[in-house]
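Asks: This is what each chain is made of:
There are 2 protein chains.
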Amino acid sequence: MKLTPTMHRCVLHWGEMASRWGVSRSVAQIHALLFMAPSPLTADEIAATLNIARSNVSVSIKELQAWDLVGVTHQLGDRRDYFQARKDIWEVLTMIMDGRKKREIDPTVQMLRECSADAKKDHDTPEQVKQRISDMLEFLEEVSGWYDQIRAMPRPTLLKLMRMGTKVAKVVT
Amino acid sequence: MKLTPTMHRCVLHWGEMASRWGVSRSVAQIHALLFMAPSPLTADEIAATLNIARSNVSVSIKELQAWDLVGVTHQLGDRRDYFQARKDIWEVLTMIMDGRKKREIDPTVQMLRECSADAKKDHDTPEQVKQRISDMLEFLEEVSGWYDQIRAMPRPTLLKLMRMGTKVAKVVT
DNA sequence: CTTAGATTTCAGAAAAGACAGAAATAACGG
DNA sequence: CCGTTATTTCTGTCTTTTCTGAAATCTAAG
Chain A
1 MKLTPTMHRC
11 VLHWGEMASR
21 WGVSRSVAQI
31 HALLFMAPSP
41 LTADEIAATL
51 NIARSNVSVS
61 IKELQAWDLV
71 GVTHQLGDRR
81 DYFQARKDIW
91 EVLTMIMDGR
101 KKREIDPTVQ
111 MLRECSADAK
121 KDHDTPEQVK
131 QRISDMLEFL
141 EEVSGWYDQI
151 RAMPRPTLLK
161 LMRMGTKVAK
171 VVT
Chain U
1 MKLTPTMHRC
11 VLHWGEMASR
21 WGVSRSVAQI
31 HALLFMAPSP
41 LTADEIAATL
51 NIARSNVSVS
61 IKELQAWDLV
71 GVTHQLGDRR
81 DYFQARKDIW
91 EVLTMIMDGR
101 KKREIDPTVQ
111 MLRECSADAK
121 KDHDTPEQVK
131 QRISDMLEFL
141 EEVSGWYDQI
151 RAMPRPTLLK
161 LMRMGTKVAK
171 VVT
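Residue numbers (the UniProt record's numbering), protein chains in the order written: chain A, 1 to 173; chain U, 1 to 173.
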């Protein structure tokens, strides 16, 4: 697939942001390509377009599937996989936030729970330190629970709330 | 500074989460240590406690300062720097979110703006692709602006809103 | 069952990143 | 100024991550 200058630029930028986003360059570039592509692409097309190894496409696509950002389709009489990315930008953001919470927050909450429990038996640790740990645990659990609630709200409601901006504050006066 | 078993465990866990959080292990470990430490520590103490090179502490602290998570204090008659971390867990989260937005979102918004503008002259790019790019730009700008508004709200108000959970939805019925 | 195309796995090369230790710089007291 | 101590910068090494190319596996058709 031939990239137009604009698409080319986007793909490169995605690749450059990759390390900040916590994925490899290939993963980010493939995602950019699939997000923009008007129709689903085969792994070979992706490899050829981005000039990366075919095997690399395979593992990168696997990661994008783990993030639930890319899916497979097929064409009649063609055994190859055709990949396409989620196009709804709101859903894309949601998937990324879910994934990040799972990878970056949940393990730490888990660990803080254990730590907080063990700390009771640990008489060397100053009370102040234990307190800080349990404060952080409580805070993370609260934010985490809040996220799950918001996450479950229907999208139109969320959109309205967002568009209200600061005005929502009036509710709690 | 001697670490108690509980503190030791937290420091190690922070270090293990580092790569997922997008910082180096040293940065995460130092942050864990300073967050828990009852009193400010010198760079030498940090290096000794965590068994890392003194120079490494220097650059890592610089990064934590760039995130606005660590500050310097001094003791009378002592020219060494004493470092201490932000202890307010809410502020910590805020600083991290601000930093991430600045590093992970803002450059892309900037780039999409340029891309969207250039796309007008680029007649090769399909209309559909241009549309997707400008949709994403619009979406990111909206979310970005919303974040800034929320960010500016006083903390007690935000806390109340959070604790309301799904009930805020009633406002927009 | 065989074959050809499609995909995945794997081992090692290449690149990027983190770190230690040495050298350089800066800050201060005398 | 000079020496001492704190801090930063720099350079090379080591570790980790990413990526490639080859081999292995899988799949469906004939």
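Accuracy of the hints is not assured; some may be wrong.
Heads up, the list lumps identical chains together, so a pair's fine if it works in one copy or across two of them.
[Unchecked claim] Below, simulated DSSO-like cross-link-like pairs (lysine-lysine); rule was C-alpha separation at most 30 Å, straight line:
| no. | residue 1 | residue 2 |
| --- | --- | --- |
| 1 | K130 | K87 |
| 2 | K120 | K2 |
| 3 | K170 | K2 |
| 4 | K62 | K120 |
| 5 | K102 | K120 |
| 6 | K130 | K102 |
| 7 | K121 | K167 |
| 8 | K130 | K170 |
| 9 | K170 | K102 |
| 10 | K2 | K130 |
| 11 | K2 | K121 |
| 12 | K2 | K160 |
| 13 | K130 | K160 |
| 14 | K120 | K170 |
| 15 | K101 | K120 |
| 16 | K120 | K87 |
| 17 | K170 | K62 |
| 18 | K62 | K2 |
| 19 | K167 | K62 |
| 20 | K87 | K121 |
| 21 | K160 | K121 |
| 22 | K62 | K130 |
| 23 | K120 | K167 |
| 24 | K2 | K101 |
| 25 | K62 | K121 |
Hints were generated in silico from the structure; no laboratory data involved.
Asks: Each hint: holds or not?
Replies: Hints, one by one, checked against the model:
In this homomeric assembly, K130 and K87 come within 30 Å of each other (Cα to Cα) only across copies, at 13 Å, whereas the closest approach inside a single copy is 46 Å. For a Cα distance limit of 30 Å, the shortest separation of K120 from K2 across copies, 19 Å, qualifies, whereas the shortest one inside one copy, 62 Å, does not. In the homo-oligomer, the alpha carbons of K170 and K2 never lie at most 30 Å apart, since the shortest distance is 52 Å inside one protomer and 49 Å across protomers. Neither within a single protomer nor between protomers do K62 and K120 lie at most 30 Å apart by alpha-carbon distance, with minima of 42 Å and 35 Å respectively.
When the C-alpha separation of K102 and K120 is checked against a cutoff of 30 Å, the pair qualifies only within one copy, where the shortest distance is 27 Å, while the shortest distance between copies is 39 Å. Taking the shortest alpha-carbon separations for K130 and K102, only the intra-copy value of 25 Å comes in at or below 30 Å, while the best inter-copy value is 33 Å. For the homomeric pair K121 and K167, neither the shortest alpha-carbon distance inside one copy (47 Å) nor that between copies (40 Å) is at most 30 Å. In this homomeric assembly, K130 and K170 never come within 30 Å of each other (Cα to Cα): the closest approach is 37 Å inside a single copy and 39 Å across copies.
In this assembly of identical chains, the alpha carbons of K170 and K102 lie at most 30 Å apart only when taken from different copies (29 Å versus 33 Å within one copy). Proximity of K2 and K130 under a CA criterion of 30 Å is satisfied inter-copy only: 15 Å between copies versus 58 Å inside one chain copy. In the homo-oligomer, the alpha carbons of K2 and K121 lie at most 30 Å apart only across protomers (18 Å), although the nearest pairing inside one protomer, at 64 Å, exceeds that limit. In this assembly of identical chains, K2 and K160 lie within 30 Å of each other by CA distance neither inside one copy nor across copies; the values are 40 Å within and 52 Å between.
Proximity of K130 and K160 under a CA criterion of 30 Å is satisfied inter-copy only: 26 Å between copies versus 41 Å inside one chain copy. When the C-alpha separation of K120 and K170 is checked against a cutoff of 30 Å, the pair qualifies neither within a copy, at 42 Å, nor between copies, at 42 Å. In this assembly of identical chains, the alpha carbons of K101 and K120 lie at most 30 Å apart only when taken from the same copy (28 Å versus 37 Å across copies). In the homo-oligomer, the alpha carbons of K120 and K87 lie at most 30 Å apart only across protomers (22 Å), although the nearest pairing inside one protomer, at 49 Å, exceeds that limit.
Proximity of K170 to K62 under the C-alpha cut-off of 30 Å is found in neither arrangement, the shortest distances being 46 Å within a copy and 40 Å between copies. Only within a single protomer do K62 and K2 lie at most 30 Å apart by alpha-carbon distance; the minimum there is 24 Å, versus 44 Å between protomers. In this assembly of identical chains, K167 and K62 lie within 30 Å of each other by CA distance neither inside one copy nor across copies; the values are 42 Å within and 38 Å between. Proximity of K87 to K121 under the C-alpha cut-off of 30 Å is restricted to the inter-copy arrangement: shortest distance 24 Å between copies versus 51 Å within a copy.
In this homomeric assembly, K160 and K121 never come within 30 Å of each other (Cα to Cα): the closest approach is 49 Å inside a single copy and 35 Å across copies. Taking the shortest Cα distances, K62 and K130 sit within 30 Å of each other only across copies (27 Å), while inside one copy they are farther apart (41 Å). In the homo-oligomer, the alpha carbons of K120 and K167 never lie at most 30 Å apart, since the shortest distance is 44 Å inside one protomer and 36 Å across protomers. Proximity of K2 and K101 under a CA criterion of 30 Å is satisfied in neither setting, with 36 Å inside one chain copy and 32 Å between copies.
Within a single copy, K62 and K121 get their C-alpha atoms no closer than 43 Å, and across copies no closer than 36 Å, so neither meets the 30 Å cut-off.
Checked against the numbered hints listed earlier, the structure breaks hints 3, 4, 7, 8, 12, 14, 17, 19, 21, 23, 24, 25; every other hint is satisfied.
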